[in-house]
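Trainee: Residue numbers (our numbering), protein chains in the order written: chain B, 1 to 363; chain F, 1 to 543; chain A, 1 to 195.
Calculated from the structure, these hints are not laboratory results.
Computed from a predicted model, the values in this text were never measured in an experiment.
Each residue gets a CB set at the ideal place from its N, CA and C atoms; glycine is no exception.
All clues given are correct.
BS3-like cross-link-like pairs, simulated, lysine-lysine; straight-line CA separation at most 30 Å:
no., chain 1, residue 1, chain 2, residue 2
1, B, 162, B, 179
2, B, 85, F, 417
3, B, 240, B, 216
4, F, 153, B, 162
5, B, 162, B, 216
6, B, 179, B, 53
7, B, 275, F, 153
8, B, 85, F, 490
9, B, 275, B, 240
10, F, 341, B, 85
Incomplete in silico selection of chain B near chain F, CB under 7 Å:
no., residue
11, 200
12, 208
13, 230
Residue strings, one per chain:
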Amino acid sequence: MGQRVANASRHVTRRRVGRPGVRSRWALPTGFLLLALFSTGCAQAGATVQGEKVHGLYVVIAIMAAPIFIGVEGLLLWSVFRFRKRQRDGGLGPQTFGTTRALVIFFAIPSVIVATLFALGEQTLATVQKQDPSPVVIIRAEGFQWEWTFYYLNEGFVVSGKTLHVPALMVIPVDEPVKIQLHSRDVIHSFFVPAFLFKRDVIPGRTNTFTFTANKIGTFPAQCAEFCGLWHSKMTFIVKVVNSTDYTAWTEQQIKAVQSISCPPHGPALSIVAKDISWNTNCLAVRAGSPISISVTNRDAGIDHNFAIYDSFSQTKKFFQTGRFPGVSTRTDQLPPLPSGRYYFQCDVHGPSMSGVFIVGGK
Amino acid sequence: MAVTEARPAALAPRPAARLISWLTTTDHKKIGILYLVNSFIFFVIGGVFALLMRTELARPGTQIFHPNAYNQLFTLHGTLMIFLVIFPMLAGFGNYFVPLQIGALDMAFPRINALSFWLLPVGGLTILSGFLAQGGAAAAGWTSYVPLSVQGKAGQDLWTVGLLIVGTSSILGGINFIVTILRLRAPGMTMMRLPIFVWSILAQSLLVVLATPVLTAGLIMLFADRRLGTSFFDPTHGGNVLLWQHTFWFFAHPEVYILILAAWGAVSEILPVFSGKPLFGYPGVVLSFLMITALSFTVWAHHMFATGAVELPFFSITTEMISIPTGVLFFNWLATLWKGKIRLEPPMLFALGFIAMFLIGGIDGVWMASPAVDFAITDTYWVVAHIHYVLFGGTVFGIMAAMYYWFPKITGRMLSKRLGQWHFWLQFAGFNLTFFPMHVLGLRGMPRRIADYAPGRGWSFLNLVATAGAFLIAVSIAIFFDNVFVTLRKPRTASADPWGANTLEWATSSPPPPHNFDALPPIRSARPVFDARQAGLSLEGQP
Amino acid sequence: MSVAETTVDERAIRGTSGPILGMVLFVASEAMFFAAFFGAYFTIRAANHVWPPRGIPIPKLGLPAVATAMLVSSSFVLQAGVRAIRRGDAKSLERWLGITILLGAGFLVLQLRDYAHTGFSIHDGIYPSLFYVMTSLHMAHVFGGVLFLSLVFAQSRTGQLSMVRHEPVEAGAIYWHFVDAVWIGLFTVFYLLVQ
Numbered sequence: 001m002g003q004r005v006a007n008a009s010r011h012v013t014r015r016r017v018g019r020p021g022v023r024s025r026w027a028l029p030t031g032f033l034l035l036a037l038f039s040t041g042c043a044q045a046g047a048t049v050q051g052e053k054v055h056g057l058y059v060v061i062a063i064m065a066a067p068i069f070i071g072v073e074g075l076l077l078w079s080v081f082r083f084r085k086r087q088r089d090g091g092l093g094p095q096t097f098g099t100t101r102a103l104v105i106f107f108a109i110p111s112v113i114v115a116t117l118f119a120l121g122e123q124t125l126a127t128v129q130k131q132d133p134s135p136v137v138i139i140r141a142e143g144f145q146w147e148w149t150f151y152y153l154n155e156g157f158v159v160s161g162k163t164l165h166v167p168a169l170m171v172i173p174v175d176e177p178v179k180i181q182l183h184s185r186d187v188i189h190s191f192f193v194p195a196f197l198f199k200r201d202v203i204p205g206r207t208n209t210f211t212f213t214a215n216k217i218g219t220f221p222a223q224c225a226e227f228c229g230l231w232h233s234k235m236t237f238i239v240k241v242v243n244s245t246d247y248t249a250w251t252e253q254q255i256k257a258v259q260s261i262s263c264p265p266h267g268p269a270l271s272i273v274a275k276d277i278s279w280n281t282n283c284l285a286v287r288a289g290s291p292i293s294i295s296v297t298n299r300d301a302g303i304d305h306n307f308a309i310y311d312s313f314s315q316t317k318k319f320f321q322t323g324r325f326p327g328v329s330t331r332t333d334q335l336p337p338l339p340s341g342r343y344y345f346q347c348d349v350h351g352p353s354m355s356g357v358f359i360v361g362g363k
Numbered sequence: 001m002a003v004t005e006a007r008p009a010a011l012a013p014r015p016a017a018r019l020i021s022w023l024t025t026t027d028h029k030k031i032g033i034l035y036l037v038n039s040f041i042f043f044v045i046g047g048v049f050a051l052l053m054r055t056e057l058a059r060p061g062t063q064i065f066h067p068n069a070y071n072q073l074f075t076l077h078g079t080l081m082i083f084l085v086i087f088p089m090l091a092g093f094g095n096y097f098v099p100l101q102i103g104a105l106d107m108a109f110p111r112i113n114a115l116s117f118w119l120l121p122v123g124g125l126t127i128l129s130g131f132l133a134q135g136g137a138a139a140a141g142w143t144s145y146v147p148l149s150v151q152g153k154a155g156q157d158l159w160t161v162g163l164l165i166v167g168t169s170s171i172l173g174g175i176n177f178i179v180t181i182l183r184l185r186a187p188g189m190t191m192m193r194l195p196i197f198v199w200s201i202l203a204q205s206l207l208v209v210l211a212t213p214v215l216t217a218g219l220i221m222l223f224a225d226r227r228l229g230t231s232f233f234d235p236t237h238g239g240n241v242l243l244w245q246h247t248f249w250f251f252a253h254p255e256v257y258i259l260i261l262a263a264w265g266a267v268s269e270i271l272p273v274f275s276g277k278p279l280f281g282y283p284g285v286v287l288s289f290l291m292i293t294a295l296s297f298t299v300w301a302h303h304m305f306a307t308g309a310v311e312l313p314f315f316s317i318t319t320e321m322i323s324i325p326t327g328v329l330f331f332n333w334l335a336t337l338w339k340g341k342i343r344l345e346p347p348m349l350f351a352l353g354f355i356a357m358f359l360i361g362g363i364d365g366v367w368m369a370s371p372a373v374d375f376a377i378t379d380t381y382w383v384v385a386h387i388h389y390v391l392f393g394g395t396v397f398g399i400m401a402a403m404y405y406w407f408p409k410i411t412g413r414m415l416s417k418r419l420g421q422w423h424f425w426l427q428f429a430g431f432n433l434t435f436f437p438m439h440v441l442g443l444r445g446m447p448r449r450i451a452d453y454a455p456g457r458g459w460s461f462l463n464l465v466a467t468a469g470a471f472l473i474a475v476s477i478a479i480f481f482d483n484v485f486v487t488l489r490k491p492r493t494a495s496a497d498p499w500g501a502n503t504l505e506w507a508t509s510s511p512p513p514p515h516n517f518d519a520l521p522p523i524r525s526a527r528p529v530f531d532a533r534q535a536g537l538s539l540e541g542q543p
Numbered sequence: 001m002s003v004a005e006t007t008v009d010e011r012a013i014r015g016t017s018g019p020i021l022g023m024v025l026f027v028a029s030e031a032m033f034f035a036a037f038f039g040a041y042f043t044i045r046a047a048n049h050v051w052p053p054r055g056i057p058i059p060k061l062g063l064p065a066v067a068t069a070m071l072v073s074s075s076f077v078l079q080a081g082v083r084a085i086r087r088g089d090a091k092s093l094e095r096w097l098g099i100t101i102l103l104g105a106g107f108l109v110l111q112l113r114d115y116a117h118t119g120f121s122i123h124d125g126i127y128p129s130l131f132y133v134m135t136s137l138h139m140a141h142v143f144g145g146v147l148f149l150s151l152v153f154a155q156s157r158t159g160q161l162s163m164v165r166h167e168p169v170e171a172g173a174i175y176w177h178f179v180d181a182v183w184i185g186l187f188t189v190f191y192l193l194v195q
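Given the sequences, and given the hints that come with them, work out the whole structure.
Mentor: Quick look at the structure:
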């Protein structure tokens, strides 16, 4: 009985054997086209030399995946329509258990695809991973909950944002290799610029470095991509790619901006408030020689801050440092006498993002 | 009807006695039902969490949830769905059907079986009780990366302890399955005649037994770092942050296969039945299961490509190699359908939906297996799309196929075909509306696990679509529950073998008697019930 | 009913018994558990040039060496018990079991004494973290083994074990040898592979 059923269905298939062939002749190219459109339409093309390579690999995988996707879904739909049980049919299909030859083919096809994919992937990976030996700009990017700080190591200045309010801005020159060194002050973060088609984790106790060359001028939103706690969603930053003239102008302006910070001296009792992981001022000033007290108020519940005075953000010399203390609370300390000059203060927990100029003026 | 009259006392015991019989049962069928009921309860809780998240994300800006609440929601959504819904659901089907399919009276260790089950709600409630703790429930994601998870409040401890309990439950369950399958098979049931679902449970149990203890070790280190002052993960005291990720993913990648193997098994069981054909390439399917089981221990660090601290080519090639046995499964499924006599009953609809959707989940994993592309799309919504195409489009569709397929065996009642079709098409539409746009969101750079996003990034409309889809899924699930509850009030009319199926569970009454079988048909192939039907043998001793 | 060629009650028991297979699988699972800790140990050790790190005194061999000798010899003693019950000699089994339990308990006492002499606390960095967590988890396993063997001892005293039925002894021995093997690993990494 089973034999007769098998014969019957073989007969039916032979009669219509031309149709799937015809259909697949136009279905496949259309599918390629649709998927290629999809991948270029939705995937960003990459704003760096490396990113363009990644995009290329993405499209190649899309083109390899297209026939698999269309083939399997097509066969599935075809089987359902073509082999759907009709009322007059017998109960069973042909009792075919599969042959070893079929299995060998089944294993061989994906093996070939995998080998090709791996080879192509490794080529692109080599480009992305290659570190440029002579980067023009070197930036130490520091992540903490929930802000970024960028140290321009060659130029000698620092930029950061105002946590939860103003994203940090990283400006880089177009067509020049840039090196990024990643550091974390607390938990794991991830440095992610979607337009560069790249991210790298920022890991406590480990320095990750990579280089890239931006090749499109523009402003690119970016943000932390590794979940890092309460305000993870607000840990954004902006990458601005500019031409070399604009870049030089910007760096000079950054250096000047710090130099021009100034404020009149306050009385013998200074006070400063930390809220939303920012100080309420970027400038404190006192007269030299008089005893000074400083009261530090921490309004961030459950978050540690402290107050410290150094010669500069590179912290070669430390003049004063309080212990870390959690909010909400206030502590008051006596400052040691300091010679006249411009100093740098910061919260050591959060670094230059919470910093300012400490001016000791003449008598 | 006749049955009801014959055993009136057995069917209407006092409620208290009935409750106690469920609490103290060691019958694998009752424990299987407990697993399923427990899983569906957590499924509703985890699903509500998902709806709340989608509601918040429907528009840019913060509407209803402070990030603190949102972070707890997505952490517990992932944790519950993985550890208390999908795995126990599959284990529930395994509990009910492995002994039946191999012609056994019960599991090898019935009391340990009861213990494995009862540890589950205890662990689940421990995790959920975080909502009552100061600072709320765990909020470090289901992956609980250190040092963030070391910072967490008491809810994180409850999460850790809860998972230790759930892990212990699954290890005991896994041992039980393996011993049952290797030792309690009926005469004639050789390994290569095992129903394919039993093979999938065997492979899954091997993974559970060998991978879960590694999570247990990691959880103990996490707990010790949080509460005992150790420094396993603290780099300032000689520890290593990435140690957690290695430990976690060494467990959690096999876990992904733990979460889908039995669904593959169920689908491989259902497709032949509703195609009127044997499973094409049975040895190939078995070989694929075993290859995947072995390979899954070599791929964990592909979750860590972006850390810049792992051997990229090695983990890339092992990951891509997984697509070889997976591809074989697809070929075999398609060849099973080919020239069949396909009956589009609800179990078959869901099984076909499973193939269609799991294919997408598999293909979009290929991009991530290539490290260069992974750098761009990891930790974005692409990953969220991928995991849901595998675990929802794959496993949940597979679970639903199994529900419609085995419901008559478990309850003696057929679920409504019409409602089943509504359920399928709405779930199919809702699922794709929710998760397909997430691929695009990922390509447009939307990171996962963000409580909020800014307008003007090309994310807003797609998020709105995803939210609409999520509610459509909710409607489809409501139809399913309606179908179940309405059907449960109907009389038991299902025959022993309503689908014309192949395996031994259909050789006994629906539902089976406490001792499972009055008699077994001869077992001379992987399809003893099919053979008996073809030979014209009666299976139930009734007309 | 005509289909019944065999009934479920007639099946024969083949190969290794279920409880023994269950214990083998449990031990495999436990092996992965300790392997994770050994993996952690070697990951961290590979990143440290000085081991134990500065400030951590090098552990003394005395007590732990005695403890090791006790635990290793207890495995042989227990195996003598297994051979005895395979012959059906419950009296000898009880004697060997008793010695095994005493050696296991003695190991635990010596280990706890050793904790008092390490010269570092669990808060003192990564080496103490590894040392205390790994050895105390092992001690918990030895304690569990002592309890299990005590139950087997009680079973034997009440005449429940025989030449035919002595699976608890075999299963207990598998577990005990495993715990012993883990200790040899721990002893090697914490007491021998220093400097």
